[in-house]
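Participant: Sequence order for the protein chains is A and H. The opening position of the first sequence corresponds to residue 1 in my numbering, with each subsequent residue numbered one higher. The opening position of the second sequence corresponds to residue 1001 in my numbering, with each subsequent residue numbered one higher.
Check before you lean on any hint, since a few could be wrong.
Here are the simulated DSBU-like pairs of lysine-lysine, each with C-alpha atoms no more than 35 Å apart in a straight line [unchecked claim]:
{"#": "1", "chain 1": "H", "residue 1": "K1274", "chain 2": "H", "residue 2": "K1109"}
{"#": "2", "chain 1": "H", "residue 1": "K1175", "chain 2": "A", "residue 2": "K70"}
{"#": "3", "chain 1": "H", "residue 1": "K1091", "chain 2": "A", "residue 2": "K70"}
{"#": "4", "chain 1": "A", "residue 1": "K67", "chain 2": "H", "residue 2": "K1258"}
{"#": "5", "chain 1": "A", "residue 1": "K67", "chain 2": "H", "residue 2": "K1175"}
{"#": "6", "chain 1": "A", "residue 1": "K86", "chain 2": "H", "residue 2": "K1083"}
{"#": "7", "chain 1": "H", "residue 1": "K1125", "chain 2": "A", "residue 2": "K69"}
{"#": "8", "chain 1": "H", "residue 1": "K1083", "chain 2": "A", "residue 2": "K94"}
{"#": "9", "chain 1": "A", "residue 1": "K69", "chain 2": "H", "residue 2": "K1175"}
{"#": "10", "chain 1": "A", "residue 1": "K70", "chain 2": "H", "residue 2": "K1083"}
{"#": "11", "chain 1": "H", "residue 1": "K1175", "chain 2": "A", "residue 2": "K94"}
{"#": "12", "chain 1": "A", "residue 1": "K108", "chain 2": "H", "residue 2": "K1125"}
{"#": "13", "chain 1": "A", "residue 1": "K78", "chain 2": "H", "residue 2": "K1083"}
{"#": "14", "chain 1": "H", "residue 1": "K1233", "chain 2": "H", "residue 2": "K1060"}
{"#": "15", "chain 1": "A", "residue 1": "K86", "chain 2": "H", "residue 2": "K1175"}
{"#": "16", "chain 1": "H", "residue 1": "K1125", "chain 2": "A", "residue 2": "K59"}
{"#": "17", "chain 1": "A", "residue 1": "K59", "chain 2": "H", "residue 2": "K1091"}
{"#": "18", "chain 1": "A", "residue 1": "K94", "chain 2": "H", "residue 2": "K1258"}
{"#": "19", "chain 1": "A", "residue 1": "K78", "chain 2": "H", "residue 2": "K1258"}
{"#": "20", "chain 1": "A", "residue 1": "K70", "chain 2": "H", "residue 2": "K1258"}
{"#": "21", "chain 1": "H", "residue 1": "K1175", "chain 2": "A", "residue 2": "K108"}
{"#": "22", "chain 1": "H", "residue 1": "K1083", "chain 2": "A", "residue 2": "K108"}
{"#": "23", "chain 1": "H", "residue 1": "K1258", "chain 2": "A", "residue 2": "K86"}
{"#": "24", "chain 1": "A", "residue 1": "K59", "chain 2": "H", "residue 2": "K1175"}
{"#": "25", "chain 1": "H", "residue 1": "K1233", "chain 2": "H", "residue 2": "K1053"}
{"#": "26", "chain 1": "A", "residue 1": "K118", "chain 2": "A", "residue 2": "K69"}
{"#": "27", "chain 1": "H", "residue 1": "K1091", "chain 2": "H", "residue 2": "K1175"}
{"#": "28", "chain 1": "A", "residue 1": "K78", "chain 2": "H", "residue 2": "K1125"}
{"#": "29", "chain 1": "H", "residue 1": "K1083", "chain 2": "A", "residue 2": "K69"}
{"#": "30", "chain 1": "H", "residue 1": "K1125", "chain 2": "A", "residue 2": "K94"}
{"#": "31", "chain 1": "H", "residue 1": "K1083", "chain 2": "A", "residue 2": "K67"}
{"#": "32", "chain 1": "H", "residue 1": "K1083", "chain 2": "A", "residue 2": "K59"}
{"#": "33", "chain 1": "A", "residue 1": "K69", "chain 2": "H", "residue 2": "K1091"}
{"#": "34", "chain 1": "H", "residue 1": "K1175", "chain 2": "A", "residue 2": "K78"}
{"#": "35", "chain 1": "A", "residue 1": "K59", "chain 2": "H", "residue 2": "K1258"}
{"#": "36", "chain 1": "A", "residue 1": "K108", "chain 2": "H", "residue 2": "K1258"}
{"#": "37", "chain 1": "H", "residue 1": "K1068", "chain 2": "H", "residue 2": "K1053"}
{"#": "38", "chain 1": "A", "residue 1": "K67", "chain 2": "A", "residue 2": "K108"}
{"#": "39", "chain 1": "A", "residue 1": "K70", "chain 2": "H", "residue 2": "K1125"}
{"#": "40", "chain 1": "A", "residue 1": "K69", "chain 2": "H", "residue 2": "K1258"}
Quick caveat, the hints were computed from the structure, so don't treat them as lab data. Keep in mind the model is a prediction, meaning the values are calculated, not measured.
Spelled out from the first residue to the last, the chains are:
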Amino acid sequence: MKLLQIISIIASIIFYSASSYAINTNEYNISLNPNEVLLEVHGIVCSFCSFGVQKKLSKLPFVDLSKYKKGSHIEIEKQRVTIAIKPNEQVNIKLIYDSIISGGYDPKQAWISDSSGKITHYDGGK
Amino acid sequence: MIPNKKTLIFAISLISNFFYSLSYAHQPVMDMAPRWEEGYGFQLRQESFGSDKLMNGNSKTSNPLGLKRYVNITWLEGVYTFKPSTRITFKMPYVNQSRTKNVNAQAVKQKNSGVGDLIFGVPLKYYRNNGAITDNFSFTPSIRIPTGSSSGDFPISDGSLDLGLSFSHSLETPKYYTLVDLFYWINNEGKYGMHEGNELGLDVNLGYHPYHNNDNNTGIFMMLDISARHNEKPNSVTLTTASGGKRIQTGPVLMLYKDNIMLRAEYKFLAYEKINAVGLSRGNEFSAAIGITF
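Start from the sequences, fold in the hints, and give me the full structure.
Facilitator: Dropping the structure here:
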């Protein structure tokens, strides 16, 4: 069973390395174009995560599908989701949160940029 | 069906390693997708194994009759996600197998092909998301339905309705991934008195994500797969490929993905093998797959 013990040790190293990835929102350098929403989403770390969330978000009526990829851009290293909003459309942050939760992830906070570029912080938790 | 002492020690050893690894683990591709509600996916996977190496216990022995066995299985696998915590899966194999068997001290060639036994599973998952770490505990009851043929001198199925149970934990970060999966299959007695014996298994995957492009959602994923199996000895009238014994296999896995499409290639060599009495080695294993989710 030496092999299994070696596996366990390797897995331990991976876990402790992974711990260093815990997000620090203070490091966020918020920079948004007008008509965008930026979210911090916990757990969004892989390609399939991105695909599932983009798929859910693309069904929202106020998302501008002509921008980014189906209207959103996801950075898995930073757990950030940027959503393009159609000009003159009202953002429904609850619908965005619900879409991400149904995708299997946890939205923690959001920054909403209106058409003038003014940024509003939304700390809605889950 | 009371396990003997050696089986029990092996099981305790696996379980203790499982729980030791549990606190540190991660996850594989059809496990991680689709997590989203009403998501579904398919995977086509080709698996090949076999050898002409005759074993006596864990030692190679002479094979003057040229005995051998090769098996190719094409799996069609599917998954539907009701909600992140509840999925249903199926696996349908198409088997193409051949062997040279010792029948009354004569080398006899046998082969068979056809649909194998259909497997349904219901993975129940508990997810946790914490910053750049996502993990889940999974409990999966499964049933194997005897859709394969049990007739002929080299049947594909033993014709039994089998029950399986799996406990797993997986953890993933943007760079790393681990999976630990402990499972047990109760193989019931099938047609013509055939009884393949129960199976205990442990799979461990350690993954690394060297490249990902956020703009087009493409990347490369590499894993080391380690599989341990303990198969009870089948009874003397069992004519399927089941042979019983213990083995540990390990090898690399390479995955390429773009959005919802994944290509996977895997090679596993035998790190340890012990056959019950005299029998053919399972041999090294190669599999390749393409998966797609919607």
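Participant: Between K108 of chain A and K1258 of chain H, does the CA-CA distance stay at or below 35 Å?
Facilitator: Roughly 27 Å between the alpha carbons, so the hint for K108 of chain A and K1258 of chain H holds.
Participant: Next pair to validate is K78 of chain A with K1125 of chain H; report whether the Cα-Cα distance is within 35 Å.
Facilitator: 25 Å, holds
Participant: If you draw a straight line from the CA of K1125 of chain H to the CA of K69 of chain A, is it 35 Å or shorter?
Facilitator: Holds, because 29 Å separates the two Cα atoms, which is no more than 35 Å.
Participant: Take a quick look at whether K118 of chain A and K69 of chain A sit within 35 Å of each other, Cα to Cα.
Facilitator: Satisfied, since the Cα-Cα distance of roughly 24 Å is no more than 35 Å.
Participant: Holds or violated: K1091 of chain H and K70 of chain A, Cα atoms, limit 35 Å.
Facilitator: 32 Å, holds
Participant: Hinted pair, alpha-carbon criterion (35 Å max): K69 of chain A, K1091 of chain H. Please report holds or violated.
Facilitator: OK: K69 of chain A and K1091 of chain H at ~33 Å, within 35 Å.
Participant: Decide if the proposed pair is consistent with the structure: K1258 of chain H and K86 of chain A, CA atoms, cutoff 35 Å inclusive.
Facilitator: Holds. K1258 of chain H to K86 of chain A sits at ~27 Å (cutoff 35 Å).
Participant: K1175 of chain H and K94 of chain A were given as a pair; does the straight-line alpha-carbon distance stay at or below 35 Å?
Facilitator: 30 Å, holds
Participant: Need the status of pair K108 of chain A, K1125 of chain H: alpha-carbon distance at most 35 Å?
Facilitator: Distance ~22 Å between K108 of chain A and K1125 of chain H Cα, so the pair holds.
Participant: Could you grab the alpha-carbon distance between K70 of chain A and K1125 of chain H and see if it respects the 35 Å cut-off?
Facilitator: 29 Å, holds
Participant: Is it true that the CA of K1274 of chain H sits at most 35 Å from the CA of K1109 of chain H?
Facilitator: 25 Å, holds
Participant: Run the distance test for K1233 of chain H versus K1053 of chain H: straight-line Cα separation, threshold 35 Å.
Facilitator: Distance of about 19 Å is within 35 Å: holds.
Every hint, counting from the list given before, is met by this structure.
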